[in-house]
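If you read the protein sequences in the order shown, they are chains A and B. Counting in this note's numbering, the first sequence runs from 1 upward without gaps. Counting in this note's numbering, the second sequence runs from 1 upward without gaps.
If you're looking for bench data, these hints aren't it; they were derived computationally from the structure. Hints are not guaranteed to be accurate.
[To be verified] Okay, derived cross-link-like pairs now, DSSO-like style, lysine-lysine, Cα gap no bigger than 30 Å in a straight line:
#, chain 1, residue 1, chain 2, residue 2
1, A, 193, B, 135
2, B, 252, A, 183
3, B, 232, A, 235
4, B, 193, B, 232
5, A, 235, B, 238
[Unchecked claim] Quick list of simulated restraints, FRET-style, between CB atoms:
#, chain 1, residue 1, chain 2, residue 2, range
6, B, 133, A, 252, 39 to 49 Å
7, B, 231, A, 56, 40 to 50 Å
8, B, 50, A, 143, 52 to 62 Å
In this text the structure is predicted, and so the values were computed from the model without any measurement. We put the CB at the ideal spot given by N, CA and C, even for glycine.
Number of protein chains: 2
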Amino acid sequence: MVITIIGSGNVAHHLGLGLFKAGHRILQVYSRNLNPAKELAKRLKARATDNLHTLQTTADLYLICVSDKAIEEVALQIDFEPELIAHTSGSISLSALSRFKNHGVFYPLQTFSKAREVPLNNVPFCIEANTPENKTRLSMLAGTLSGKIYELDSEQRKQCHLAAVFANNFVNHLYVLAQQLLKEKNIPFDILKPLILETAQKVQQLAPGEAQTGPALRNDIQVIEAHIEQLKSDKLEKLYRFVTASITEVSKSKPSEGSQIK
Amino acid sequence: MVITIIGSGNVAHHLGLGLFKAGHRILQVYSRNLNPAKELAKRLKARATDNLHTLQTTADLYLICVSDKAIEEVALQIDFEPELIAHTSGSISLSALSRFKNHGVFYPLQTFSKAREVPLNNVPFCIEANTPENKTRLSMLAGTLSGKIYELDSEQRKQCHLAAVFANNFVNHLYVLAQQLLKEKNIPFDILKPLILETAQKVQQLAPGEAQTGPALRNDIQVIEAHIEQLKSDKLEKLYRFVTASITEVSKSKPSEGSQIK
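Isolated chain A, as found in the complex:
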């Protein structure tokens, strides 16, 4: 396919490179600021622009990779009828692009930072479009990048995005808090890395409910009280109590299978 990338952030960067490597031709890269557009365009052998009114009209797909807030504004500035246009957001409805005849959503469910390369072949792509034909076109495109294609409606996709906030953003924040706790006693964060990795690997195989271990699950009041004593901030104490209560509540609704918390 001939593809124009709109945006130059993390998603534009990772999808652009992935599509380029998969053999697609990138026609143009747009960004509000010309420099990041040029930087990405160079890597994609494409042309850069900072003016949506100068977009070439001949691409097969215009892929909007800007922040959620900017999608509407970008869409309003596209002054021709594109062959196909899609956004890449988890939380914006398909209908945000309804002024175009052929429109869809091409949402990669993954966390992207420029500092880290992520192979796309394992990334789930959530596809939605206004017609079965457009859905097929986007699914086939996703198939050139990844083996995991999900056809989800806007409501389902938004729920995925919300679940991803819990499983990624909030999880990563717990890593941040754990690091702060270790720092208080001069312990390097490295000591937690194998545990963090195993925690994620464990639920690739076991259901998360079966993988649960720890004092909250065992209702080990002595350890829980000692931990609360150890926590020096009200915020962490509140979070500790809240999540502990939630673990207890969930585990009560279902018998544990005997995993032991270390």
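Let chain A serve as the given structure and place chain B on it in line with the hints.
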């Protein structure tokens, strides 16, 4: 070394098998109930007992792998002076074994469930003992299992255990909650697995603060409000607001490096 394992739970199981495979001889396995002791003893070519007063006194090390609550009770029933005795708990002080002449702590910082094998070679072992000699003995033993040995005092070890509750128990609970959210809209948990894995892999390389992405970090009020609207339970709404505020607070104290949340 010749080692007697006291306990037959997840830790006894994983450490016992690891020590056996590393070439140590397991003399006996004790458990309150004879059957689990027999089961594990069989795999370790050891003898089983459910009576601490019948322990053979000739092992080089007595490794206490029972739950935190039971450590004291077990220690009280050991009616001879062992060559060396250690517990494997993150949250119990070294002094819990101070009635023995040679005592220490041998704490593997990992989550263990019987349903899943975990190679020990990457597991951090936290070592503490009442004399430098005993510390050396336990460190050398850990070195036959793993390349990661940390000499930590009881206070540091307890802090590790607390940090591990955040990075493992609480993280896993977020997976449980994410799974519940997906279930509401008939989306399989599988869709989150690559994200969960990448979230953990990312902080093997980047600091957790640099790996953070998402609406809370971007302070994307529109998405945050939409998510809160989507959450059907007061509990999840409370948790969402709390963690979002904490992410905002931490990110304000330090400029972000431009990771974008998907």
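Evaluation of the provided hints:
1. This hinted pair checks out: residue 193 of chain A and residue 135 of chain B have alpha carbons roughly 24 Å apart, not beyond 30 Å.
2. As the CA atoms of residue 252 of chain B and residue 183 of chain A are separated by approximately 19 Å, the hinted pair is consistent with the 30 Å bound.
3. For the suggested pair residue 232 of chain B and residue 235 of chain A, the alpha carbons sit about 24 Å apart, so the restraint of at most 30 Å is met.
4. For the hint linking residue 193 of chain B to residue 232 of chain B, the alpha-carbon distance of about 23 Å falls within 30 Å, and the restraint holds.
5. The hinted pair formed by residue 235 of chain A and residue 238 of chain B meets the criterion: a straight-line CA distance of about 13 Å does not exceed 30 Å.
6. For residue 133 of chain B paired with residue 252 of chain A, a C-beta distance near 47 Å keeps the hint of 39 to 49 Å intact.
7. Take residue 231 of chain B and residue 56 of chain A: their Cβ atoms lie about 43 Å apart, and the range 40 to 50 Å holds.
8. In this structure the hint that residue 50 of chain B and residue 143 of chain A lie 52 to 62 Å apart at CB holds, the actual value being about 58 Å.
In summary, this structure violates none of the numbered hints.
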